[in-house]
Structure formats: structure tokens, C-alpha cells
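Residue-level listing of the chains:
2 protein chains.
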Amino acid sequence: MAEIRHRVGISGSAAEIYQLLTTDAGLCKWWTTDTHGAGEPGSIISFRFGDGGPDFEVVELEPDRKVVWRHRGEMPPAWMGSEISFLLEATEKQTFVNFRHYNWQQSDDFLAHCCTKWGIFMMSIKSCIETGRGQPYPDDVHIDFDE
Amino acid sequence: MAEIRHRVGISGSAAEIYQLLTTDAGLCKWWTTDTHGAGEPGSIISFRFGDGGPDFEVVELEPDRKVVWRHRGEMPPAWMGSEISFLLEATEKQTFVNFRHYNWQQSDDFLAHCCTKWGIFMMSIKSCIETGRGQPYPDDVHIDFDE
Chain G
0 MAEIRHRVGI SGSAAEIYQL LTTDAGLCKW WTTDTHGAGE PGSIISFRFG
50 DGGPDFEVVE LEPDRKVVWR HRGEMPPAWM GSEISFLLEA TEKQTFVNFR
100 HYNWQQSDDF LAHCCTKWGI FMMSIKSCIE TGRGQPYPDD VHIDFDE
Chain H
0 MAEIRHRVGI SGSAAEIYQL LTTDAGLCKW WTTDTHGAGE PGSIISFRFG
50 DGGPDFEVVE LEPDRKVVWR HRGEMPPAWM GSEISFLLEA TEKQTFVNFR
100 HYNWQQSDDF LAHCCTKWGI FMMSIKSCIE TGRGQPYPDD VHIDFDE
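Taken in sequence, the protein lines are chains G and H.
The opening position of the first sequence corresponds to residue 0 in numbering that gives the first Met the number 0, with each subsequent residue numbered one higher.
The opening position of the second sequence corresponds to residue 0 in numbering that gives the first Met the number 0, with each subsequent residue numbered one higher.
Please keep in mind that the hints were generated in silico from the structure rather than gathered at the bench.
All of these numbers come straight from a predicted model, not from anything done at the bench.
Incorrect hints may appear among the rest.
[To be verified] Rough simulated footprint, nothing fancy, chain G against chain H, three-plus residues with beta-carbon under 8 Å:
id, region
1, 0-10
2, 75-85
[Stated by the list, open to error] Label-pair restraints from in silico Cβ distances:
id, chain 1, residue 1, chain 2, residue 2, range
3, G, Phe48, H, Val140, 36 to 44 Å
4, G, Gly36, H, Lys65, 17 to 25 Å
5, G, His141, H, Thr32, 33 to 41 Å
6, H, Ala77, G, Asp107, 40 to 48 Å
7, H, Pro40, G, Asp63, 46 to 54 Å
8, H, Lys65, G, Thr22, 27 to 35 Å
The beta carbon of each residue, even a glycine, is placed where N, CA and C say it ideally should be.
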């Protein structure tokens, strides 16, 4: 199984970052402004990017420490069966976000594209905490997948 | 074996991007300003980031299409035995850079950190071509690995 990993140090508390990962208001600030459904484990969060986007079920929450989502639905097909985890690691000076998007069926060009985009969104989480302003869709840094 | 992949579409020709990957002057514009030794296969390129950095041997060059490097030396230890490839894919509107850093011994926090940094440097290649100005070390976007 293939996976994407990122690790970013952020000058902010684990509690602030956890908030960005577990509430509609928080998720809207860094991934897509069209996010609905965040809540306790069992909740289905819909992330929309214009005409479509993925759904994820919240499967595990450990306050200020861990968030795990399982992909639901069929969009995009390559994400079916995959999961995402965010592990927050607080040190004296900053908090590290350890991101994984795992259980991909294959490592291909689309995984590569998503890896670059996840990196861009990790930087969006960082700037959201450090400057008060993230870059969620539709204001995200745009990179095409093809054409 | 673990790997990092990125894919970025750039509004520029494959020839321009190839130049950035195969000459000291080009590499200095997006990865680190302290780069020496780029040349034909067999050349050893030293990339320095302040007090240290990796060496790579150029193992394959296909003009405007493909660049492969093999890690040399012992810095950083986790990169020993790894290789990097850049495949350029020209389409009507832009050129895609397909990046792989593969043959890692393990998928860990350091790989995650490097994945995020490689994404940042892919965006540096993109802005170098599209705006005329990349963000090579020491002007790169800084993210700590620990502390």
C-alpha cells in the first residue's frame, strides 16, 4: 500500500491546531471553505471543491493529539479505501503536525499530484495559525493534474 | 522501500526546466545557492545548506525529458542508497515535473519532513520559471524538523 506523509512544525499550540482539524469552522480556514459535518467519531465530513469532493468519516479523535478519518463514497476513485491521520506532537517551541494519507492502492501520478497539494495545504494550516490567514480552496495555490 | 513523489504543472518549456536541473546556475536558482559540480553522467554535484548537505552523482540524462541522480557520501544518513528522478512531461499548455526520491530504507518522520520540503522546492522550480524568481536555500520557506 502506498502513502503520502508530511511533517510541519508550527508556532502554535496543539489545541489551536486540533480545532482546525475537528470543526467545520476550522477546516474551512485551510482546506476548503465548503466543508460540512465535522463532529464526533461517526460523523461524515463533506469537503467540496466546486463541483465535487471527498467525504471522510471521523474514526478517531484524541483531543489535541490525534485525528483519523476514513474515506467514504467514491470521489475521487483513487482515494477509496484510504485513510488520513494527523498526529500532533507538542515540543517546547512549536507543535509538529505529522500527516499521513495511507492505504492508497498504488503509487502513481495522481498520488504524486495529491502529495504536492497536501504539502500546499500543510503550509495553509501553518500560515493559518502563524499569520491568522490560511489559503483554503478556492484561494489555494493552484497546480493542474493534467493538460 | 519507501519513496516521495511530487507532480507539478509549470507554464514553461521542458528545455527551460531541464536547464534548471542540469547546470550549477540552474540548480542554484531553486534548491540551494551553494551548488557545484553539475555536468554529464558521472559528475558529482554537491549541494550545501550552510554547514553540510548531500552529494549526488548524475547517473542518467535524457535532454528535456529525464534526470536521474544517485546519492553519494553519508549526508544525511537516511538518504544513503536513495535516488532521485525528474521526469519532464510536456503537454500543449504546460510541462509537468514528475519527481521521485526513492529507495528510502524506511518511511518515518524524516521522510515526512523531506516530503514537505521537496514540495516547497517543487514550488520554487515553478516560481523560478513562471515569475523569474525561485526560493532556493537560504531564502527557502523554513520548516524545522524538530524542537
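Hints versus structure:
With 7 residues carrying a beta carbon less than 8 Å from a beta carbon of chain G, the region 0-10 of chain H meets the three-residue requirement, and the given coverage holds. Here's how the region 75-85 of chain H fares: 0 of its residues keep a CB closer than 8 Å to some CB of chain G, so the rule of at least three is not met and the hint is violated. Between Phe48 (chain G) and Val140 (chain H) the CB atoms are about 24 Å apart, so this pair departs from the stated range of 36 to 44 Å. Range check, Gly36 (chain G) to Lys65 (chain H): about 44 Å between beta-carbon atoms, so the 17 to 25 Å window is missed.
Between His141 (chain G) and Thr32 (chain H) the Cβ separation comes to about 28 Å, which falls outside the hinted range of 33 to 41 Å. Ala77 (chain H) and Asp107 (chain G) have their C-beta atoms about 24 Å apart, which leaves the hinted 40 to 48 Å range violated. Under the hint 46 to 54 Å, the C-beta atoms of Pro40 (chain H) and Asp63 (chain G), about 51 Å apart, fit the expected range. A hinted range of 27 to 35 Å for the beta carbons of Lys65 (chain H) and Thr22 (chain G) is inconsistent with their spacing of about 45 Å.
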